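Here is what each chain is made of, one letter per residue.
Protein chains: 2
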Amino acid sequence: MSSLTIGAADMEELARGAAILGSGGGGDPYIGALLARQALQQHGPVSIVGLPELDDDDVLVAVAMMGAPTVMIEKLPGLAEIVAPIEALAAGSEHPVTHVVSAEAGGINSTIPVAAAAALGVPLVDADGMGRAFPELQMVLPTLYGITASPLAIADEKGNTVVLRTIDNVWTERIARVVAIEMGTSVMISGFRMTGRQAKECLVGGSLTLCRELGRTIRVAREEKRDPVAAAAERLGARQIHEGKIIDVERKTASGFARGRAQIAGADSTMEIAFQNEYLVASSGGVVLATTPDLIIVFEHETGEPITTEGLRYGQRVRVLAAPADPRWHTEGGLALVGPRYFGYDIDPVRVRLPAEEA
Amino acid sequence: MSSLTIGAADMEELARGAAILGSGGGGDPYIGALLARQALQQHGPVSIVGLPELDDDDVLVAVAMMGAPTVMIEKLPGLAEIVAPIEALAAGSEHPVTHVVSAEAGGINSTIPVAAAAALGVPLVDADGMGRAFPELQMVLPTLYGITASPLAIADEKGNTVVLRTIDNVWTERIARVVAIEMGTSVMISGFRMTGRQAKECLVGGSLTLCRELGRTIRVAREEKRDPVAAAAERLGARQIHEGKIIDVERKTASGFARGRAQIAGADSTMEIAFQNEYLVASSGGVVLATTPDLIIVFEHETGEPITTEGLRYGQRVRVLAAPADPRWHTEGGLALVGPRYFGYDIDPVRVRLPAEEA
Numbered sequence: 001m002s003s004l005t006i007g008a009a010d011m012e013e014l015a016r017g018a019a020i021l022g023s024g025g026g027g028d029p030y031i032g033a034l035l036a037r038q039a040l041q042q043h044g045p046v047s048i049v050g051l052p053e054l055d056d057d058d059v060l061v062a063v064a065m066m067g068a069p070t071v072m073i074e075k076l077p078g079l080a081e082i083v084a085p086i087e088a089l090a091a092g093s094e095h096p097v098t099h100v101v102s103a104e105a106g107g108i109n110s111t112i113p114v115a116a117a118a119a120l121g122v123p124l125v126d127a128d129g130m131g132r133a134f135p136e137l138q139m140v141l142p143t144l145y146g147i148t149a150s151p152l153a154i155a156d157e158k159g160n161t162v163v164l165r166t167i168d169n170v171w172t173e174r175i176a177r178v179v180a181i182e183m184g185t186s187v188m189i190s191g192f193r194m195t196g197r198q199a200k201e202c203l204v205g206g207s208l209t210l211c212r213e214l215g216r217t218i219r220v221a222r223e224e225k226r227d228p229v230a231a232a233a234e235r236l237g238a239r240q241i242h243e244g245k246i247i248d249v250e251r252k253t254a255s256g257f258a259r260g261r262a263q264i265a266g267a268d269s270t271m272e273i274a275f276q277n278e279y280l281v282a283s284s285g286g287v288v289l290a291t292t293p294d295l296i297i298v299f300e301h302e303t304g305e306p307i308t309t310e311g312l313r314y315g316q317r318v319r320v321l322a323a324p325a326d327p328r329w330h331t332e333g334g335l336a337l338v339g340p341r342y343f344g345y346d347i348d349p350v351r352v353r354l355p356a357e358e359a
Numbered sequence: 001m002s003s004l005t006i007g008a009a010d011m012e013e014l015a016r017g018a019a020i021l022g023s024g025g026g027g028d029p030y031i032g033a034l035l036a037r038q039a040l041q042q043h044g045p046v047s048i049v050g051l052p053e054l055d056d057d058d059v060l061v062a063v064a065m066m067g068a069p070t071v072m073i074e075k076l077p078g079l080a081e082i083v084a085p086i087e088a089l090a091a092g093s094e095h096p097v098t099h100v101v102s103a104e105a106g107g108i109n110s111t112i113p114v115a116a117a118a119a120l121g122v123p124l125v126d127a128d129g130m131g132r133a134f135p136e137l138q139m140v141l142p143t144l145y146g147i148t149a150s151p152l153a154i155a156d157e158k159g160n161t162v163v164l165r166t167i168d169n170v171w172t173e174r175i176a177r178v179v180a181i182e183m184g185t186s187v188m189i190s191g192f193r194m195t196g197r198q199a200k201e202c203l204v205g206g207s208l209t210l211c212r213e214l215g216r217t218i219r220v221a222r223e224e225k226r227d228p229v230a231a232a233a234e235r236l237g238a239r240q241i242h243e244g245k246i247i248d249v250e251r252k253t254a255s256g257f258a259r260g261r262a263q264i265a266g267a268d269s270t271m272e273i274a275f276q277n278e279y280l281v282a283s284s285g286g287v288v289l290a291t292t293p294d295l296i297i298v299f300e301h302e303t304g305e306p307i308t309t310e311g312l313r314y315g316q317r318v319r320v321l322a323a324p325a326d327p328r329w330h331t332e333g334g335l336a337l338v339g340p341r342y343f344g345y346d347i348d349p350v351r352v353r354l355p356a357e358e359a
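Chain order of the listed sequences is A and B.
The opening position of the first sequence corresponds to residue 1 in our numbering, with each subsequent residue numbered one higher.
The opening position of the second sequence corresponds to residue 1 in our numbering, with each subsequent residue numbered one higher.
Each hint should be verified, as a subset may be incorrect.
Treat identical chains as interchangeable: a pair holds within one or across any two.
[As the list claims (entries may be wrong)] The calculated lysine to aspartate or glutamate pairs, modelled on DMTMM-like cross-linking and capped at a C-alpha distance of 25 Å, are:
(1) Lys-158 with Asp-168
(2) Lys-252 with Glu-182
(3) Lys-158 with Glu-182
(4) Lys-200 with Glu-332
Simulated from the structure, these hints should not be mistaken for lab results.
Bear in mind the structure is a predicted one, so any value in this text is a computation, not a measurement.
Input sequences plus hints: build the corresponding full structure.
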């Protein structure tokens, strides 16, 4: 770790890195960064604790925003809403929460937990449940380890709270999703309570500091007139699979998700990327080049600014990277949760071939 | 009160009376009676306590089934599901529940609380929150007195539970409704925690024993070859507004409600009755004869068996009564909650004219 705290000055780099790992989804991290910056200015920097530093009996809860990212932009949560679900959980538990952690490393859900940790005055764990962003609540590695999402608390900005105790994490997702939509499509949630020992086993370590480092890498490359996308690719062990101009974007918000597809015309071929909050399948001329669970990331061509699915616009010149996911996502259980077939694509997962494997 | 307990042998009469006060809705009380009979046989009779006998600091919770009655028939709750929401509430409270009460006097929600009281071993209060059945959760007199539905617990038969804490009773309804639909359209709920003092002020007293007495009145009239509908009308202070044959029934289940309309051809005119779980508006030749909040009740012509909206069939010969609701429903606040305009009918409420007022 490069530092033991995160302060207001770190938020821009953290947000840019979160937009990269968000793989197009997870909401606009800059919105979360605004909130986090306010909270950090008000409450001071947040301590960052690595997984190896956790005590076995520490008590972690994940905090996240749930809903369609389109709505988040119009409906920013306040600090009271961000901590409300954690407080609702605490009211029903004998074990005080010692640490907050991100459910996903990507998008708004990398930056919102900074605000929650600041407001609550507890450390934030340098880890997350996915190593990227995914659209549904059960899509975290803890599910593979039998960690239950529930009790899961949901809060809206009006003051309504809901606490779910469900038989499995898919039911948590189903019920939380309809509650989120009824409450106004975008809510704060907290759950996945786990011990320090469980966290060491089931989370992806280092993802928070990786976000900040990625953001910094892009900035430094720009300042030094180097290629920011190449710098990010090197840090991620990623491979560029396309570059070109966006010639079409279709999207609709349905059942609380932002679904759609983009066409990117390149020199020799046109790539199509399908998304459901996150980029899920990249194909070109009928050949699938990358799929979930690996990360598909779209960058603005010159600046290396990552572009979310919501930020896709006709005419943008972009470059597309594919980066390897945590290897546990490529197991049978992992693919059942987040493989292409789960999302309705009748194709086998295509694992990104890295330059080192090409020889 | 004619008796201080309710036993298995009382359930048929209680259910028939509940079908009358249900005003066509509230689900099939005989289904709830089956469950209650099982619970009473297993746990013994349930003590019935009148409102005047409550101590001011008693703690009451209402228990009810929520969802489309059509589904209830296919998906009977077990005793574990019936008590689950009450136990979920108890887990978050310092005040043990001393009494169970019915949210509505009508349909399955008059008989299910008997099962809950038997299984929990607590007395049942001879009262309810409406004096009839209504389709939405906030439609109880306690809402007019500022009693909150939340914390409200919801449980399904799979073992999922949800606890809501909402800013008002309309939000409780909104969120509970989508949760109920996602869980399978029919769930058990418990909420409206109140003290004995509050109960005396805001509930409708005597409705449980009224149900049993109405059921008994019908049975005795049949045995004595008297007119059972006339006997029920006399006990209710009701007025017959139509008799005839059902010539058309339209219905659909939408958003968790059973909506529709029935046409009843009489000697001189055809009556149309619109319903949304309950019978809401009865009109004939363009003249509105009775509306919510008063009770519109449909009886089988000869036997005097009350017919729920789900039980309406082409060709049935029926008689229609209108009975006065609790007068508090006719206040401005009451009509805002359950008047015809709330249900989308652009008409003024028509209060039933009783024979005594005709002179």
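Results for each hint:
For a Cα distance limit of 25 Å, the shortest separation of Lys-158 from Asp-168 across copies, 10 Å, qualifies, whereas the shortest one inside one copy, 28 Å, does not. Proximity of Lys-252 to Glu-182 under the C-alpha cut-off of 25 Å is found in both arrangements, the shortest distances being 18 Å within a copy and 22 Å between copies. Within a single copy, Lys-158 and Glu-182 get their C-alpha atoms as close as 12 Å, and across copies as close as 23 Å, so both meet the 25 Å cut-off. In the homo-oligomer, the alpha carbons of Lys-200 and Glu-332 lie at most 25 Å apart inside one protomer (22 Å), although the nearest pairing across protomers, at 60 Å, exceeds that limit.
In this structure, none of the earlier numbered hints is contradicted; all agree with it.
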